[in-house]
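Q: The lines below spell out each chain.
Protein chains: 2
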Amino acid sequence: MFNIGDVYEQSFTITSETYGHFIQLSKDRNPLHTNSEFAIEKGFKGIVMHGNILNAFLSYFIGECLPTKNVIIHSQEIQFKNPVYLNDELNFKAEIDGYYESVKSIEFKYSFRNSDSKIVAKGKIQIGLLQ
Amino acid sequence: MFNIGDVYEQSFTITSETYGHFIQLSKDRNPLHTNSEFAIEKGFKGIVMHGNILNAFLSYFIGECLPTKNVIIHSQEIQFKNPVYLNDELNFKAEIDGYYESVKSIEFKYSFRNSDSKIVAKGKIQIGLLQ
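Heads up: the protein sequence lines correspond to chains V and U, in order. Going by the numbering used here, the first residue of the first sequence is number 1, and it counts up by one from there. Going by the numbering used here, the first residue of the second sequence is number 1, and it counts up by one from there.
Simulated from the structure, these hints should not be mistaken for laboratory data. There could be a bad hint or two in this list.
Since the list gives no way to pick one copy over another, a pair counts as held whenever it fits inside one copy or between any two copies.
[To be verified] Result set (BS3-like, lysine-lysine): computed pairs, CA atoms no more than 27 Å apart in a straight line: (1) Lys109 - Lys27; (2) Lys42 - Lys118; (3) Lys45 - Lys104; (4) Lys104 - Lys42; (5) Lys104 - Lys118; (6) Lys104 - Lys27.
This one's a predicted model, so the numbers in the text were calculated from it and none came from an experiment.
Chain V on its own, in the form it takes in the complex:
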């Protein structure tokens, strides 16, 4: 079911609905994410989307997009490399770079790229297979 080198791709868009759900969830109204004047003054094109919206996309990827539902996340790591803006369409790509059958553990490396093919975030996820 899983092999080293297996690649998964998925498209995610941060719509105003996504953004609104994240603010309701997190209550993070830091001005970088809510005040475009502030964000522009800090050198961005407009309000910057919360990086942790991408972590919610990782939850969907692990929970819903793999060939089995018997999974649980053990650890995650994410590096934010470029800003993500409202309505950005992100191309997510994950590759299995470790599969340890005896301990039922899988490691993915992944990246999110924007429509300019720039990496906006990348990292690793370790999951376990539930028995």
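We have chain V already, so just place chain U on it with the hints.
A: Relative to chain V, chain U alone:
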């Protein structure tokens, strides 16, 4: 404003509202998080809360609880150590374990503990200070 060893504490509860917002945001309806029969069969007490809800709490901590709003997350790392259930009250504790003034960068180590004082998750966050 920031010193190595500074400690921040915060309490977070995963209410059914929090859980609902996360499902709307992520669309992750994996049975571990939505089907209590499935979760119990897998050895848990009931449906397990999505780990990435804790990452949304980290967003709030960085965006709203520090002595300045001029912050941006550079990277995060989280390890899930024990399950979190609906209505669990979590004690979050973060400590500054690196402050690099010349590059305006701060590193925190953090943990979330449940009401039994068990660590449910821990990790590190690196942030930058915006000029």
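Q: State for each hint whether it applies.
A: Hint check results:
no., hint, in the structure
1, Lys109 - Lys27, "between (29 Å within a copy, 22 Å between copies)"
2, Lys42 - Lys118, "within (20 Å within a copy, 40 Å between copies)"
3, Lys45 - Lys104, "between (44 Å within a copy, 21 Å between copies)"
4, Lys104 - Lys42, "between (45 Å within a copy, 14 Å between copies)"
5, Lys104 - Lys118, "between (33 Å within a copy, 24 Å between copies)"
6, Lys104 - Lys27, "between (36 Å within a copy, 25 Å between copies)"
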